[in-house]
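Peer 1: Build the full structure now, drawing on both the sequences and the hints.
The listed protein sequences correspond, in order, to chains A and B.
Here my numbering is used: the first residue of the first sequence is 1, the next is one more, and so on.
Here my numbering is used: the first residue of the second sequence is 116, the next is one more, and so on.
Please keep in mind that the hints were generated in silico from the structure rather than gathered at the bench.
Keep in mind that the hints are not guaranteed to be accurate.
Below, a list of computed lysine-lysine pairs in the DSS-like style, where the Cα atoms sit at most 30 Å apart [what the hints assert, rightly or not]:
hint : chain 1 : residue 1 : chain 2 : residue 2
1    : B       : K198      : A       : K56
2    : A       : K5        : A       : K71
3    : B       : K157      : A       : K110
4    : A       : K107      : A       : K68
5    : B       : K172      : A       : K68
6    : A       : K54       : B       : K198
7    : B       : K198      : A       : K71
8    : A       : K5        : B       : K157
9    : B       : K198      : B       : K172
10   : A       : K56       : A       : K114
11   : B       : K157      : B       : K172
12   : A       : K107      : A       : K54
13   : A       : K114      : B       : K198
14   : B       : K157      : A       : K68
15   : A       : K71       : B       : K157
16   : A       : K5        : B       : K172
17   : A       : K114      : A       : K5
18   : A       : K110      : A       : K54
19   : A       : K5        : B       : K198
20   : B       : K172      : A       : K110
21   : A       : K54       : A       : K71
22   : A       : K71       : A       : K107
23   : A       : K114      : B       : K157
24   : A       : K54       : B       : K157
25   : A       : K56       : A       : K110
26   : A       : K107      : B       : K157
Which chain B residues face chain A? A few, computed with CB under 10 Å, are given here [stated by the list, open to error]:
hint : residue
27   : Q121
28   : Q156
29   : S170
30   : V215
Model, not experiment: these values are computed from the prediction.
Ideal placement from N, C-alpha and C gives every residue a C-beta, glycine not left out.
Take a look at the letters that make up each chain.
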Amino acid sequence: DQQVKQNSPSLSVQEGRISILNCDYTNSMFDYFLWYKKYPAEGPTFLISISSIKDKNEDGRFTVFLNKSAKHLSLHIVPSQPGDSAVYFCAASGDYGGSQGNLIFGKGTKLSVKP
Amino acid sequence: EPEVTQTPSHQVTQMGQEVILRCVPISNHLYFYWYRQILGQKVEFLVSFYNNEISEKSEIFDDQFSVERPDGSNFTLKIRSTKLEDSAMYFCASSRTATVEDTQYFGPGTRLTVL
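Peer 2: This is the structure:
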């Protein structure tokens with residue numbers, strides 16, 4: 001039961017170019033979406049989030065876009081840097097019958113930024 | 116910067132043995148969570164905890180699992196009789212509130228290996 005799907009297990013990008021990571025969800029009750037970044041041997045680190053009442057949220061080099069009608073969100077990293085190389089998890093939350101705050105994660109996309 | 120800590124970083128145990136995984140959440144946080152990630156799989160919610168009670172648990176969190184806040188700082192996950200399929204990374208997380216907008220901060224994880 002994959003309520004949050006990240007269909008690309010890996011992505012390779014050249015330094016300085018744009019990285020676009022995609023995420024799809026199936027549960028229309030989700031109303032808050034997050035991206036976490038994970039380095040090896042570390043826990044997930046919060047990166048950026050977006051509420052379902054918005055379609056875009058920007059924080060420095062990171063922008064998240066939400067298309068509710070398509071149940072799709074994407075994370076754009078511009079420009080990409082080698083230090084961005086990590087696994088990126090999309091996560092969703094909302095009052096979907098569980099309590100708020102419990103995150104439903106995708107399987108992650110491993111981003112490699114080559115110098 | 117405050118962070119969630121977890122001990123041990125790696126735990127090896129024999130099938131059928133009890134294990135206790137320990138976490139120290141961020142000091143002013145009130146909500147605590149356990150997640151796990153089986154190798155190659157997504158991060159999965161196990162349980163949330165507030166005010167010395169379980170707020171919510173997933174179907175993974177069966178009678179073999181229990182959580183406790185034995186003192187003012189530690190938050191523990193106990194697995195009574197470990198199975199091979201319990202082998203995973205276990206992440207503790209904490210947040211100030213349970214609202215979706217309040218970031219969950221994750222610890223570095225404990226790798227549990229059941230032989």
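Peer 1: Next step is simple, just say for each hint if it's right about the structure.
Peer 2: Hints and how they fare:
1. B/K198 <-> A/K56: violated, 44 Å
2. A/K5 <-> A/K71: holds, 10 Å
3. B/K157 <-> A/K110: holds, 13 Å
4. A/K107 <-> A/K68: OK: A/K107 and A/K68 at ~20 Å, within 30 Å.
5. B/K172 <-> A/K68: Satisfied, since the Cα-Cα distance of roughly 28 Å is no more than 30 Å.
6. A/K54 <-> B/K198: Not satisfied, since the Cα-Cα distance of roughly 44 Å exceeds 30 Å.
7. B/K198 <-> A/K71: It is violated: about 37 Å lies between the C-alpha atoms, which goes past 30 Å.
8. A/K5 <-> B/K157: holds, 10 Å
9. B/K198 <-> B/K172: Holds, because 19 Å separates the two Cα atoms, which is no more than 30 Å.
10. A/K56 <-> A/K114: Roughly 27 Å separates the two Cα atoms, so the pair holds.
11. B/K157 <-> B/K172: holds, 17 Å
12. A/K107 <-> A/K54: Between A/K107 and A/K54 the Cα gap is close to 24 Å, so the pair holds against 30 Å.
13. A/K114 <-> B/K198: violated, 40 Å
14. B/K157 <-> A/K68: Given pair B/K157, A/K68 holds - Cα atoms ~23 Å apart, limit 30 Å.
15. A/K71 <-> B/K157: holds, 19 Å
16. A/K5 <-> B/K172: Holds: A/K5 and B/K172 sit about 22 Å apart, inside 30 Å.
17. A/K114 <-> A/K5: holds, 25 Å
18. A/K110 <-> A/K54: holds, 26 Å
19. A/K5 <-> B/K198: Judged against 30 Å, a Cα distance of about 28 Å means the pair holds.
20. B/K172 <-> A/K110: Roughly 29 Å between the alpha carbons, so the hint for B/K172 and A/K110 holds.
21. A/K54 <-> A/K71: Given pair A/K54, A/K71 holds - Cα atoms ~13 Å apart, limit 30 Å.
22. A/K71 <-> A/K107: holds, 17 Å
23. A/K114 <-> B/K157: Measuring from Cα to Cα gives roughly 25 Å; hence the hint holds.
24. A/K54 <-> B/K157: With Cα atoms ~26 Å apart, A/K54 and B/K157 stay inside 30 Å; holds.
25. A/K56 <-> A/K110: Answer holds: A/K56 to A/K110 is near 23 Å, not above 30 Å.
26. A/K107 <-> B/K157: holds, 4 Å
27. Q121: The hint holds - B/Q121 has a Cβ within 10 Å of chain A, the shortest such distance being about 8 Å.
28. Q156: Holds, because the Cβ-Cβ distance from B/Q156 to chain A comes to roughly 7 Å (cut-off 10 Å).
29. S170: Nearest chain A Cβ about 6 Å off; hint holds.
30. V215: holds, 4 Å
Figure legend: structure checked against the earlier numbered hints; hints not met, in rising order: 1, 6, 7, 13.
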